[in-house]
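Note that our numbering numbers the sequence shown so that position 70 is 70, with each residue one more than the last.
Please keep in mind that the hints were generated in silico from the structure rather than gathered at the bench.
Below, a list of computed lysine-lysine pairs in the DSS-like style, where the Cα atoms sit at most 27 Å apart:
id: 1; residue 1: Lys-12; residue 2: Lys-107
id: 2; residue 1: Lys-82; residue 2: Lys-31
id: 3; residue 1: Lys-15; residue 2: Lys-31
id: 4; residue 1: Lys-56; residue 2: Lys-13
id: 5; residue 1: Lys-31; residue 2: Lys-107
id: 6; residue 1: Lys-31; residue 2: Lys-13
id: 7; residue 1: Lys-107; residue 2: Lys-56
id: 8; residue 1: Lys-31; residue 2: Lys-12
id: 9; residue 1: Lys-56; residue 2: Lys-15
id: 10; residue 1: Lys-107; residue 2: Lys-15
id: 11; residue 1: Lys-56; residue 2: Lys-12
id: 12; residue 1: Lys-107; residue 2: Lys-13
id: 13; residue 1: Lys-96; residue 2: Lys-82
For clarity, every value in this text was computed on a predicted model and none was experimentally measured.
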Amino acid sequence: MGQLLRSPAGRKKFKALFGVEAFLHGDTLAKLLRRLDPAEFQERVCGLAERLIRNKVLYVHRLLDFWFMVAVDGTGMLTFPKRHRPHCLTRTHDGKTTYYHHVLEAKLVTANASPSRS
Numbered sequence: 001m002g003q004l005l006r007s008p009a010g011r012k013k014f015k016a017l018f019g020v021e022a023f024l025h026g027d028t029l030a031k032l033l034r035r036l037d038p039a040e041f042q043e044r045v046c047g048l049a050e051r052l053i054r055n056k057v058l059y060v061h062r063l064l065d066f067w068f069m070v071a072v073d074g075t076g077m078l079t080f081p082k083r084h085r086p087h088c089l090t091r092t093h094d095g096k097t098t099y100y101h102h103v104l105e106a107k108l109v110t111a112n113a114s115p116s117r118s
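Model the full assembly from the supplied sequences, consistent with the hints where possible.
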């Protein structure tokens, strides 16, 4: 998040997408997000997605005017030299253990990377 908001293009996209003129620095926003309850945050994200669909904001991005194209990817998100959570996954290579977390992401695929407009 911090990297996205450091570039002028990223800040412009963020402002257009969320309809704001000013926002927190990306690092500050990341610190704030770490303090949120993941279940509550997930509920808000799902609610936002439902609202976007219900208000037909995303309809211009449908494939053949019917389907939404979604890319799903499982990837390693974070790696650490030491275990910091009991549920860390581990990988050992040449006697060295790396601790990591995986994430499953789904993204709406659109014709361009611009925020959608209804």
